[in-house]
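Protein chains in written order, with the numbering used here: chain A, 15 to 233; chain B, 123 to 355; chain C, 42 to 267.
In case anyone wonders, no lab produced these hints; they're calculated from the structure.
These numbers were taken from a predicted model, which means no experiment stands behind them.
No residue lacks a Cβ here, since even glycine has one placed at the ideal position from N, Cα and C.
Hints may be right or wrong, so weigh each one.
The list that follows gives simulated cross-link-like pairs (lysine to aspartate or glutamate, DMTMM-like), each with its CA atoms no further than 25 Å apart [unchecked claim]:
(1) 51(A) <-> 38(A)
(2) 52(C) <-> 232(B)
(3) 80(A) <-> 134(B)
(4) 147(B) <-> 150(A)
(5) 80(A) <-> 185(B)
(6) 81(A) <-> 115(C)
(7) 81(A) <-> 134(B)
(8) 52(C) <-> 252(B)
(9) 52(C) <-> 251(B)
(10) 147(B) <-> 134(B)
The following residues of chain C were derived to be distant from chain A, with all beta-carbon distances above 10 Å [said to hold, decoys possible]:
(11) 43
(12) 58
(13) 62
(14) 104
(15) 107
(16) 174
(17) 213
(18) 243
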Amino acid sequence: MRKLFLPLTLLAAAMFSYAPFMIDGAPYESTMLLVQKIFYFHAPAGFIMLTSGIVCGVASVLFLWKKRPGADRVALAAGELTVLFGAIVLATGPLWARKAWGVWWNADVRLTMSLVGWLIAVGYLIVRRFGGPGSEKLAAGLAVFGTANVPFIYVSVNIWRTMHPQTTVVPSLVEGMRGPFWFCVLAFYVLYALLMTARIHLERQRALVNDLYLAQEDA
Amino acid sequence: MTLDFEEVHATDISRHFGRRRALSKLSLSLRAGEIVGLLGPNGAGKSTLIGILSTLVSAGSGEVRYGTHTSAAGGALRARIGFLAHELHLYSELSALQNLTFFARLHGLDDPALPHAALLRAGLAGRGDDVVSGFSRGMRQRLALERALLHAPRLVLLDEPFTGLDDQAVRIVDDRIRELAGAGAIVLVATHDLDLADGLVSRVVLVREGRLISDEPAAPGLRARYRSVVGAG
Amino acid sequence: MFGRVVWLVLKKDLAIEARSWELVITTLFFALSAVVVFMFAFVREGQPLEGAASGILWIALAFAGTLALGRTFERERQGETLRGLLLAPASRAAVFTGKLVGIVLLLLAVELLLVPLVVVLFQENDLLGRWPLLLALLVTGAVGFATVGTLFAAMLVRARSRDVLLPILLYPITIPALVAGVNGTQALMATPPAEPLAIMWIAMLVCYDVVFLTLALWVFEPLMTE
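With the sequences and hints as input, model every part of the structure.
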């Protein structure tokens, strides 16, 4: 695992240094002009948040049924990154909305779902932190429920908001925008891989230290 | 299917909570008709071991076998285990008889005479309809003991069964435990009270800091032996 | 055997409750005071805000339900009787269902109070005329909320900070059920009532209930082993 750090860091650094140039070269969107360009970070962050949430859910299922401690480490790392990238989505979303359409929040489906999903992820971390001993299992239970909830949140929020006035439509990607967009998506995934690797490694080291303490007692 | 077993074998049981080792490669065998005393200072891992034997707590590593069965046998195995913990597992808002009847029915035992018989054995005849919250600790202890024994379990795990009991009650519970062993039950008693254990148990298992220190037949001078092996204080 | 255990656990909970009626009385009065507070917040110059009534109904239900859940399992914590239940040969799923039915009954009692209250305070007179659909909505919503709530409250029994953790965990997960309840009730309050819309929300609630009940029954056993 450690071997991946350096190459991933270099790759992520390279991609993120290049990204602004690509974004700059992309054509302006017809109505929103410069403001729309936040989308190149906002949307990939959303992808990562969703991916990370699913990783957390699946790892939690493995932890609950197969009781593998490695699965718990993955779930923790994924949970933290869901909160991190969710925060990015929830921060950039309103910023974009405010500049583009004059409102901070417009109950857009994706944004609302992100908010609810983010709350569940934060709840996951809170349980792990404040739940006392044995809280890893409880958090895993929550993660499983949270992941199962995604389709229901989508359906309920989607139908709910059709009753509210619509103010926005997500722009369809024009030719020149696709390149930068997918490049940024890739850059974000590289960053995600790097962060996951680092975080899981840290947890593994922590577990090793615990084992050493225990082994020392046995000796 | 009625599951049964004559022996319980715990092999290399380990369990830790984070950095704290609760049990470390502990192996123990229990046989029908034995009264085994589980002794050790506070924090030695007695409650964790009993929890694992009762199937409520999972072992981090190692295995427990009940005859040829493991805890995977689920409900059928639990039907043969009786467990009395420090917390007593009684509903304080209900009456003694209601508690006994509920747990009896939960075990599939519908005979109405059974809870009444248990009530008698607990020395609470006439107090059956009194709410448990009004009982003294000793009364609750005896009621909890009988509740744990309602289903005539094969493996009887008792964590500090003598707490709060007066002299006469201690003698009665003492006799009860001997009676159980005589009928073929496997009895494990965890206790701090060395004087009570002395004379009651047929075997003594000493644990400290999660490790098995000694496992030998009971002999006179238990307190001295305990002190020398475990260390005073 | 399953049904028997469910009935035994339920009967035991009812027997405990029947001693003092503490849980029922305090929960009902809490729901009542919550509605009154909301009424002051959402009624301007004698006119309730558009759609406030249905929202208030379901939020009061959620708040009251959360408190009731916490206190039901607080009872099981004393004397560690939950462990006593888990030690029995009974199937864990049956024990869970027994507790669940008790909670659902309590929530239905709260709804029985809240609906007439909301009708009176917000002059939603037509609502009671559409009671079959309303009943379906109330029952499926209560079951959904109670299912997730019972599981979370049970799993938090030994956790620290459990009083505040329960709402933190419960509310986001039950959002779909609450959204469905609020909007379904709203649809029934409209003139003319939007019945197909209400039926759609009820269908969603049924799916929600089935999925999460299955999940809860699966997950209960591994979560209860220490």
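**OP:** Just pull the numbers of the violated hints for me, sorted ascending.
**Re:** Those not satisfied are hints 6, 17.
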